[in-house]
Each structure stands twice: as C-alpha cells, then as structure tokens.
Amino acid sequence: MANKVIYAVYDDPEVLKGAARKLVSAGVKVRDVFSPFPVHGLDPIIGVKRTRLGIVAFMFGITGTSLALLGMYYMMIYDWPMNIGGKPNDFFYQNLPAFIPVTFEFTILCACHGMAITYLIRNKTLPGMPARNPDPRSTDDKFIMEVRTEDNHGRSADDIAGLLRETPVFEINERQC
Amino acid sequence: MNFTLTSRARTLCMALMVLGLALAGFGFINDHTDHHQNFWAALFINGFYFFGVGLGALFFYALQNATETSWSVLVKRVYEGIFSYLPIGAAVIVLVLAAGSAGLHHVWSWMDPAVVTEGSDVYDPIVAYKMPFLNKGFYWLRTVAYIATFLFGAMWFRKQSLALDNETGETLVKHHLLVYRRSALFLVFFAVFSSTLSWDWIMSIDVHWFSTLFGWYVFAGMWVSAMITGVVLVIYLKGKGYLPQVNNSHIHDMGKWVFAISFLWTYLYFSQFMLYWYSNIPEEVIYFKARIDHHPMLMWGMFFINFAVPMLLLMSRDAKRNPRFLIGVGAVIFIGHWLDLCQMVLPGALGDHFEHIGALEIGLFLTFLGLFILTVLNTLTKAPLTPVNHPYLDESVHHHI
Chain A
1 MANKVIYAVY DDPEVLKGAA RKLVSAGVKV RDVFSPFPVH GLDPIIGVKR
51 TRLGIVAFMF GITGTSLALL GMYYMMIYDW PMNIGGKPND FFYQNLPAFI
101 PVTFEFTILC ACHGMAITYL IRNKTLPGMP ARNPDPRSTD DKFIMEVRTE
151 DNHGRSADDI AGLLRETPVF EINERQC
Chain B
1 MNFTLTSRAR TLCMALMVLG LALAGFGFIN DHTDHHQNFW AALFINGFYF
51 FGVGLGALFF YALQNATETS WSVLVKRVYE GIFSYLPIGA AVIVLVLAAG
101 SAGLHHVWSW MDPAVVTEGS DVYDPIVAYK MPFLNKGFYW LRTVAYIATF
151 LFGAMWFRKQ SLALDNETGE TLVKHHLLVY RRSALFLVFF AVFSSTLSWD
201 WIMSIDVHWF STLFGWYVFA GMWVSAMITG VVLVIYLKGK GYLPQVNNSH
251 IHDMGKWVFA ISFLWTYLYF SQFMLYWYSN IPEEVIYFKA RIDHHPMLMW
301 GMFFINFAVP MLLLMSRDAK RNPRFLIGVG AVIFIGHWLD LCQMVLPGAL
351 GDHFEHIGAL EIGLFLTFLG LFILTVLNTL TKAPLTPVNH PYLDESVHHH
401 I
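Top line first, the protein sequences correspond to chains A and B. With my numbering, letter number 135 in the first sequence gets 135, and the count goes up by one each step, no holes. With my numbering, letter number 228 in the second sequence gets 228, and the count goes up by one each step, no holes.
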C-alpha cells in the first residue's frame, strides 16, 4: 500500500488545536502543523519535543566569553602589554574590569548569531532554501495539519480522513508521497 | 478564600523577633562606638532594607497596572501584602533620621552644624559647598515628600484593589482604567524619588562621595529582594493550599524576574564600579578604596552572591520551575542584598570602627524579618487571596508559557 499524506486545512488556530487534541486522543500521530504564526500551546498536544535552542545559545555564549577573554589576554597582556592610563598590566586579573564590557558584548554577539543561524539551518529556512510548506496559504490565513499514513500503521487514509471530517475542518487534501 | 494565619506561624515570627532582640541586646551592650553609632547604623540598615522590599513590591505592583499585565493578576494580593509593611519601615527610617538630626548620633556627619560653620575645628568646605542641597530643612522636606507619596500610593492602590472586587461590567473596566492611569503617574514620581532617596538616605553617609548611578543601583537591589519575597510567599501559600489557580507558569515567570533583576543589579553595580575604577580620580575612588582595602571579603563576597549565584543556578528553565530550589536560591540572594546594604552603610557610618558585621546587625535583621513576615501575613488574611473581579483575571488563570 502506497503511503499517503493528508493535509487538513483549518481557518482558526483554536479550532485546529481542538481537532489535534481529538485526533491525538484517538491515537493518531500528527506529523506537523504549518501556520502563519506560532500557535500557543500546540506543541505539547502534538508531542513536539522541547526545543534545545537554549542549550545551543548557552554553548555559543560561553564560546564567546572564552574567545573574548583569551583574545584580550593575548593582545593586551601577553603579546604587547598596553599601558592605558597607567593601569597595571602585568597580570590578567589586574586589568579584568576593563575587559568585562567587551566580553559581555562578544558573548551576546556569539549567542545571538549562533542561535539565529542554528535555528535557520535546523528549520531548513536559510535564505535561498526551497520552501517546504505544502500550501502557500499557510503563510497567509490558513492552519494546516499534516498526517501521514506511514506514522499511523493500521489506519488507512480514508480512516484518518473520516476522523478529520468529524472536526470543523475547512478542507482536506490527500497526496501520494 | 481568605488566608488564615496559623498560630504556629505567629509563634515562629514571635520567636524570631525575640531571638533577634536578644541578639541585638547582646550586641548593644558590647557596642562601644561613640553615641552607639553602630546601633543606629544597624537600625537604619534593617529599617531601610525591609522598607525597600515593600517599596520594590509597590513599584512592581504599579508597573503591572501601568503595563496592563495580565499574568500577575492572580498574585496581586501577595504584593499588596508585601507593601503593607511600608508604614512600619518608614517609621524606623524617620526615627533614625530624627535621632541624627537631633544630634543623638553622627551616622550622617553633615547633620552636625559645626561641620558647616566656618572657623570651627571640624569645618569641612566640601560639605559646606553642598549646603544648598544637604541642609536639614530641605532634607526633611524631601524625606516627608517621599514617604507621604509612597504611603499614599500604597493605601490608594490597596483601596482600589478591594473596591474592584465588588464591581462588574462597565464600572469594573472604567475603574481598572483609572488605576492604570494613576499607576503610570505614580511611576513618574517613583522614578525621581527612588533615585533621590538613595542619595539622601544612603549616599550622604559617605558625604564627600557622589555617584549619579547610585539611585538605580539601590533601586535594583530593592527590586530583586521584593521579587524574591513575592515568589517565596506565593510558593508558601500554594503549599498551604491557597492560590489553587496559580500554576507552574506563574512560578516560572516570577523566577524569571528574580533572574532578570539580579542582572539589572549586576549591570548597574558594575557600571558604577568600572567607570570609577577606570578613571581613578581620587575624589571618586575613595568610596571603593575604603571598601576594597578594608572589607574585600564583604565587597567581593556580596558581589559574587548577587551575581554568580543567580546566574549559575537560575539560568535553566527547570530551576525556575522547581519551588524548593527557587526558595533556597532566593534566600541566599535575599541575604546577599542585605550584605550589599551593609557594605553601603557601615564603612561610611562607622569608619575605622567597622570591623565586621556583628550581633547588632544580625539581631536587628532577625527582629525586623519576624515583624515583616507577621505584618505581611496579617494583611493577607484581610482580603480574598485570589482577586474576585479584575478585567484580566480570566487571562491570568489561563496563563501558560
């Protein structure tokens, strides 16, 4: 049996949440939802795992902190000790307060850029990448739920479509995949 | 549902106060500073610290109204409870200032008329130059203005909040919008007064020194302490079965405030420190020199507690959602900000006589802590803990992040 993918289109996020809840409680696995904006509270319903972006941000941030401190140690203390306003420059710690603002900024720079780029790569939405959403209306005013038969063994596409039709759905599209 | 103060909680608070008073009495007998300066300084520290907690809560409360924030509506009674302590805190501050004005102690050395009398032994031209601002008449006028504004604000907000409970529909919304506008107005006064009161009450102890940033730094410290008190109280009440609608998301948000304002404090403290350290101008570094040379443990220790502890321990989401953990870390930071106030006041007030924080400071801290908890819990018994009516109540109940 060929695998099928079903796109159920809704025109309201709350209606979609209700429908997703109904489907999941009936044992159907929802693959994904495409929406013009983040739908609050949807993730736990369809079982999306908590994002690890926070951990990534911390990693990038700590990298920035280390690079900034290491760089300033090398430039200002080790390689060419700089005399600025007679501040002691024999040891790193003596000059640490002066390095804090740069370290702070560099930490933020690395954390933000790293986080944004990771996010775009992970979502496959870097500029120039082909769009993956099944229906352009999901960038306008429609909310689209994707259900695949390969995720739901023991259920035919008609079965799932039947369940979907019991919810206030706007339209249902089936495709071979 | 109203909160009932159990006799056990009351006894514990009383015990805390008795223990504190005994410790403070012991400290008082062993205090050999001139005019019992140490006693007055310790009384001021603890009077101001808990006044600051109340003031931080009042500010936060007004901020929630002025920004029409919905999630915090469920816990607004807790903040009303905290700022109900303001009159007691204000009374302690006025008592210490009045004693200083009357010459009973010299915590504020400029209050001594001889300091600004030309030709006297202790004449100080720097202080004399500051006379147009730092004279007793204008000083008391300002002090009365601050306290009157804050107490009036606290009373008015509480009254409106109780009145909202009995209203519905159009009147409720209209009344809410009035509170919204008045809160914004209050914040304007608070913005100016929170800065100038720190200069008047704390910065003028080190009378030769000045810092424009000082007010925000003191204010950030008060605000963190208030946020900690708020979240700990909410967790306590929830543990006792009150506030049933408060969920994990509310606790998480309050934990975020503790985390965020700890950084505001660090940012302001470090901005003040680094600029003075860098420029190294004698009249500006005296404040830090006195502290770094003689009390490095106190100064760096409190900086470590107030910066590194929240940063390392409260960064993760799970930490902010774990009530026990939040209480533990909150208690440490709460004491950290008390130490911060000690290092602002004591080196200036006692000079060389200040060696370490002793029985007087700790004893009075315990006394006022007991009094503070008792006052706050007592206020919480007087009105339903969950507001009955508020335009955003429903939104707050369904808060989810």
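Take these hints with a grain of salt, some might be off.
[To be verified] Computed Cβ-Cβ distance ranges for the label pairs, DEER-style:
| id | chain 1 | residue 1 | chain 2 | residue 2 | range |
| --- | --- | --- | --- | --- | --- |
| 1 | A | V48 | B | M274 | 40 to 46 Å |
| 2 | A | A26 | B | G169 | 19 to 25 Å |
| 3 | B | G137 | A | F58 | 50 to 56 Å |
| 4 | A | T63 | B | I29 | 54 to 60 Å |
[Said to hold, decoys possible] Some chain A residues judged to face chain B by a derived CB distance under 8 Å, without partners named:
| id | residue |
| --- | --- |
| 5 | V39 |
| 6 | G41 |
| 7 | P97 |
| 8 | A98 |
It is worth saying that the hints were derived from the structure and are not from the lab. The C-beta atom is built at its ideal place from N, Cα and C for all residues, glycine as well.
Okay, the hints, checked on the actual structure:
Between V48 of chain A and M274 of chain B the Cβ separation comes to about 43 Å, which falls inside the hinted range of 40 to 46 Å. The given range of 19 to 25 Å is broken by A26 of chain A and G169 of chain B, whose C-beta atoms sit roughly 41 Å from each other. Separation of G137 of chain B from F58 of chain A is about 55 Å and conforms to the stated range, judged on CB atoms against 50 to 56 Å. At roughly 57 Å, the beta-carbon separation of T63 of chain A and I29 of chain B lies within the given 54 to 60 Å, and the hint holds.
For V39 of chain A, the shortest C-beta to C-beta distance to chain B is roughly 12 Å, which exceeds 8 Å, and the interface hint is violated. A least Cβ separation of about 6 Å between G41 of chain A and chain B falls short of the 8 Å threshold, and the interface hint therefore holds. The restraint placing P97 of chain A at the interface with chain B holds, with a minimum CB-CB distance near 5 Å, inside the 8 Å limit. Interface hint status for A98 of chain A: upheld, as the beta-carbon distance to the closest one in chain B is roughly 6 Å, under 8 Å.
Checked against the numbered hints above, the structure breaks hints 2, 5 and satisfies the rest.
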